[in-house]
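So the sequence lines, in the order shown, correspond to chains Z and W. Residues 1 to 136 (my numbering) make up the first sequence, in order. Residues 1 to 322 (my numbering) make up the second sequence, in order.
FYI, nobody ran anything at the bench for these hints, they're computed from the structure. Treat the hints with care, since some could be wrong.
Cβ pair distances, simulated, as ranges [stated by the list, open to error]:
id	chain 1	residue 1	chain 2	residue 2	range
1	W	D232	Z	I96	48 to 54 Å
2	W	E247	Z	W126	25 to 31 Å
3	Z	Q128	W	G218	24 to 30 Å
4	W	D232	Z	R24	53 to 59 Å
5	W	D292	Z	Q128	36 to 42 Å
6	W	G136	Z	T118	14 to 20 Å
7	W	P85	Z	I96	54 to 60 Å
8	W	A10	Z	E47	21 to 27 Å
9	Z	A107	W	K250	56 to 62 Å
Quick reminder that beta carbons are idealized off the backbone N, C-alpha and C, glycines included.
So the chains spell out like this:
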Amino acid sequence: MANKRVLRVMVAKPGLDGHDRGARIIARAFRDAGFEVIYTGLHQSPEEIVEAAIQEDVDMIGLSSLAGAHNYLFPRTVELLREKGGDDIVVCGGGIFPDNDISELKASGIKEVFTPGTPLTEIIEWVQENVKPRGG
Amino acid sequence: MTSVAEKVKAGDVRTVARLIRDIDDGMPGVKKTLKELYPYTGRAHVIGITGSPGVGKSTLVDQMINHLRKKGKTVGTLAIDPTSPFSGGAILGDRVRMQRHAMDQGVYIRSMATRGHFGGLTHSTRSAIDVLDAMGKDYIIVETVGVGQDEVDVVKAAHTTIIVLVPGMGDDIQAIKAGILEIGDIFVINKSEREGTDKTLSDIRAMIEMDPDKYAKGKWKPPILKTEAVFDKGVSEFLEEIDKHWEYLKESCDGKALRKTRKKVRDELAELIKNRFIKDILNNLIKSKEFDKAVDSILNGTIDPYTACDNVMLPILGTRKK
């Protein structure tokens, strides 16, 4: 009933990657920051993630990858969002990435990349700073 | 008609998603759209799924979607999870069980957070049902937040209410308590491979048989089904009962639109008035100086809370008797 926007974010695990402890910790931290978090579960294709994000009207997608296929999965997600008219949804990534990949991911439209050791508070502050509920 | 309403009627997912967001966030503009969409509602079969946390509601819903899609029916799902009373945030995890339907254009799944609303639904659920109805979904499945004994709002929003249980949750005294077990049109004992299923079944059966109303001639007698949702066992039988209940409802209101039964319309209007009262009157009231003054008076012992309530209510109720 409170006429105010609540930030909705999706935490997604693309590809063949069974490690979701990080994703769950992030989801929990987002919850505690007051966001509504939609978790997709494991083994999602970029297509499934984008479709779900649009149905859920989220403001941000956080992609988690620890299995090395980020160079395909992350840019593909951004590309599909553009195709579906969801390019106002911010995409960021978390996981283990070689330094060289990070700049390429950013160039492909991933707004920020978080690597192991990043404090949760830093990630939350980034989200609060850079992701605004869509539609004002 | 506005372009938003037109797009909803045409089934545009982005528009529907945004409209439900606006309803959830209490945006003032939605009322106009909902008014326009109302004449296009009342077609879908609304099924409410309720039960305690962890009984398998989401998994059952996933299987229901699967079966309904095989029959060529379209499905909208509203899956509700709790909002943290501390942070206001929520983890909406029902979708995890249903995500295999993400690419299916005949399925729309939406996760919603209770945002402080009690009763098992969100304040926006009814309007969201209308949106999915106007969008043209054949079935709308509403999965409540995991409930205990008393969250019975779903029965007002749904045509058919399903209570999902698991074996061994309590003895026969639990089964005769008031509340949630009274509202079931269909009972499902999920995880029925576990020990105690037959005992739970006989407890529920005994409870139903003690209710003379449910045994009256021509009345609906709630069936009790066993399922193992994870293995898709018993789900098609369960869906047959849902369709039977729909037929029963149609016969019992002479083929009139089910949505327009007097009871449904009363409930719906009362709910809208209640929401409006909270939003426009109560929320302003508790922000007012008078309210704070009343709190101070109670704290320093000059007044009791009952008198304070009368005093605060007086200007609202006008000259009418309190």
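Verification of the supplied hints:
1. Between W:D232 and Z:I96 the C-beta distance comes to about 37 Å, which lies outside the given range of 48 to 54 Å.
2. Between W:E247 and Z:W126, the C-beta spacing of about 55 Å breaks the proposed range 25 to 31 Å.
3. Judged by the Cβ atoms, the range 24 to 30 Å given for Z:Q128 and W:G218 is violated: they are separated by roughly 59 Å.
4. One distance hint, 53 to 59 Å for the beta-carbon pair W:D232 and Z:R24, is violated here, with the actual separation near 27 Å.
5. Between W:D292 and Z:Q128 the beta carbons are some 30 Å apart, a value that contradicts the proposed interval 36 to 42 Å.
6. Between W:G136 and Z:T118 the beta carbons are some 45 Å apart, a value that contradicts the proposed interval 14 to 20 Å.
7. Here the CB-CB span from W:P85 to Z:I96 is close to 35 Å, at odds with the stated 54 to 60 Å.
8. Taking the beta carbon of each, W:A10 and Z:E47 are about 22 Å apart, inside 21 to 27 Å as hinted.
9. Between Z:A107 and W:K250, the C-beta spacing of about 59 Å keeps the proposed range 56 to 62 Å intact.
In summary, the structure is inconsistent with hints 1, 2, 3, 4, 5, 6 and 7 from the numbered list given earlier, while agreeing with the others.
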